[in-house]
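J.: Listed below, chain by chain, are the residues.
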Amino acid sequence: MSQEAYKVWECQVCGFVYDEAQGWPDEDIAPGTRWDEIPDDWSCPDCGAAKADFVMVETSRV
Amino acid sequence: MSERGSNAWPARFAKPEHTVIVGTGIAGATAALTLRTEGYQGRITLVGAEAEVPYRRPPLSKEVLRGTVKGERIRLKPDTYWSEHAIELRTGTTVAAVDTGAASVTLADGEVLGYRNLVLATGSSPRELPEAVGVPGVHYLRSLRSATTLAAALAGRGPVTVIGGGLVGLEIAASARALGCAVSVLEAADRPMSRVLPAWLADPLSALHWDRGVEIHTGVTVARIEHHPRRGGCTVSASNGRAWSAATVVAAVGTVPDTGLAQAAGLLVADGIVVDEYGRTSASGVFAAGDAANLPDMLHGGRRRGEHWNEAMEQGAAVATTIAGVLTPYPRLPWSWSDQHGVTIQVCGRPDLATEHEVHGDPEARDASVVFRRLGRVVGVVAMSRPAEFRALRQLALAAEGGR
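Heads up: the protein sequence lines correspond to chains W and B, in order.
The opening residue of the first sequence carries number 1 in the UniProt record's numbering; numbering runs sequentially from there.
The opening residue of the second sequence carries number 1 in the UniProt record's numbering; numbering runs sequentially from there.
Next comes chain W alone, as it looks inside the complex (with noise of 0.2 Å):
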C-alpha cells in the first residue's frame, strides 16, 4: 500500500488523543483527517491548547 499508515497526536498540555483514523467528528472532522489538513487556529478540545502543542506519539489504538 502507498497509501501512509494513520498517526496520533497527543496534546502535551493535557493528554488528548487526536487519532487521524478516527478524525473528531465533535467538531465535523472527518475520519482519515491529516494533521497537516487541521487549520492551524485549531484548538484541544479538551484543554484549549494551540495545535502546535501536539506532538506525534508512537501509541497503540484502543
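For the record, the hints were derived by calculation from the structure and aren't laboratory data.
There may be inaccurate statements among the hints.
[To be verified] Computed far set for chain B versus chain W, every beta-carbon distance over 12 Å:
{"no.": "1", "residue": "P78"}
{"no.": "2", "residue": "T100"}
{"no.": "3", "residue": "G101"}
{"no.": "4", "residue": "G114"}
{"no.": "5", "residue": "P126"}
{"no.": "6", "residue": "R127"}
{"no.": "7", "residue": "A153"}
{"no.": "8", "residue": "A199"}
{"no.": "9", "residue": "G254"}
[Stated by the list, open to error] Derived DSS-like pairs: lysine-lysine, alpha-carbon spacing no greater than 30 Å straight-line:
{"no.": "10", "chain 1": "B", "residue 1": "K77", "chain 2": "W", "residue 2": "K7"}
{"no.": "11", "chain 1": "B", "residue 1": "K70", "chain 2": "W", "residue 2": "K7"}
{"no.": "12", "chain 1": "B", "residue 1": "K77", "chain 2": "W", "residue 2": "K51"}
Bear in mind that the values here come from a model prediction, so they are computed numbers and not experimental data.
Even glycine gets a Cβ: it sits at the ideal position worked out from N, Cα and C.
Assemble the complex: chain W is given as a structure, and chain B must be docked to it using the hints.
T.: Just chain B now, with coordinates in the frame of chain W:
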C-alpha cells in the same frame, strides 16, 4: 566526575552529577523528562510514594470518574520510556529525610542517595474538612487510587453531595451527573468558583449546571456530617438547618502543600516551600516545583502557590532547564483550564485584582473572552469556549508586561 585542578569546586561539592527528584506528579516527572531533553548527562533518580508510574491527574475528575478511560491510558509515558531515557524511576518509595548539609536523601528503607541537585516536587493533598474527620464514607479526590474508589461509589448511581464548588468540585459534580446521579453541590461562598471568577462569569456556569441537573447551593456552611452505617450513605447538615442525604459524599475544599519533608530538613516553609523565581529554596542545590512551592508573583506582587496542572508542568520544565545550565524563571502568567459539561473554561492571572474589564462575545451563552485590567494593566484573562482568543489575549498580556 573526574578530579579537577586548583580551580575546581571545593571538595565537598565534588559530588557525582546526580539529580534526585522527589515526587512523581507532573512537576517531578516533567523535570526528569526535561533534564534529558536539555542534554543533562548526569544520573537522574525520580522517587515517589505513589505506586503507579507517572500519570495525568486532570482526567481523574472527568474520564476516570465517568469510567470512559482506564487507568493505564492516562499514563504519562509508556512504562519502558523511563529506563530508555536513563531515568531511575522508583515508585512506591517514600523519602524519609533530606540532609542539606550532606546533600543526601534517605529513603524509607534506609538507603542513602547523594545529590548535586535536589528537586522537591512533593505536591499537595486535599484539605481535610474538619466536620468530616472521623466520619467514614467521605471521599476526597487526588490520586488515581482515590479516583478509582470514588468511581466505584458513583457507579451505584445513588445521590451525590459534593462539598466545595471550586473547579474540582464542579468537575466531579458534572461527571457524577453524566453517570445519572442526582447531584447537589454545597458551596460556602456566594457563588461557585469564587476564587477564580467574578459573580457575573460564575453565574452563567451555575446556570449551566442547573440546566444539566446539578443543584448548586451557595452560602452553605457545613455544620455536621453523619454516617448511616445500616442504610449506608451520609447526611450533611448545614448551619442554616438544611440537610442533604446522599449515598456518596465528596469533599473538594482546596489543597494543602506537602511540606513535611522540607520542614524537617530545615528549609524555609510558609504555605509551601519558599522559593525564588527560579525555584531555588533556602538551601544550596535544592529546588521546589509544583503545588508544594510558594513563589513570588512577579507580575502582581506578593507570593502565591500554584495548584494547577499546567503550572506544575511548566515549573518542572523550568527547574530542569536551570539545573541543566540555563537559568530559567518560572512562568509569570500561568494558565489553567476546566471542562464542565463540555464547556472549556480557561483562566490566567488575577481577575480578582481588576478595576475594569472588556468583554468579547456573550458570557450568558458561555461563549466569551474577557480581559481584566487594573489601572490599564492587564491582570488576567478568562475565556469560555474561545481557546484561540484566550491564547492571543494571554500573549498580549505577556507582551505588555515584558514577561514570558
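J.: Give a verdict on every hint.
T.: Going down the list of hints, with the structure as the test:
1. P78: violated (8 Å)
2. T100: With a cut-off of 12 Å, B/T100 remains clear of chain W, as the shortest Cβ separation is near 33 Å.
3. G101: holds (38 Å)
4. G114: holds (33 Å)
5. P126: B/P126 is indeed farther than 12 Å from all Cβ atoms of chain W, at 21 Å.
6. R127: With a cut-off of 12 Å, B/R127 remains clear of chain W, as the shortest Cβ separation is near 24 Å.
7. A153: holds (25 Å)
8. A199: Check passes; 23 Å lies beyond 12 Å.
9. G254: holds (21 Å)
10. B/K77 - W/K7: holds (17 Å)
11. B/K70 - W/K7: holds (21 Å)
12. B/K77 - W/K51: holds (20 Å)
Figure legend: structure checked against the earlier numbered hints; the only hint not met is number 1.
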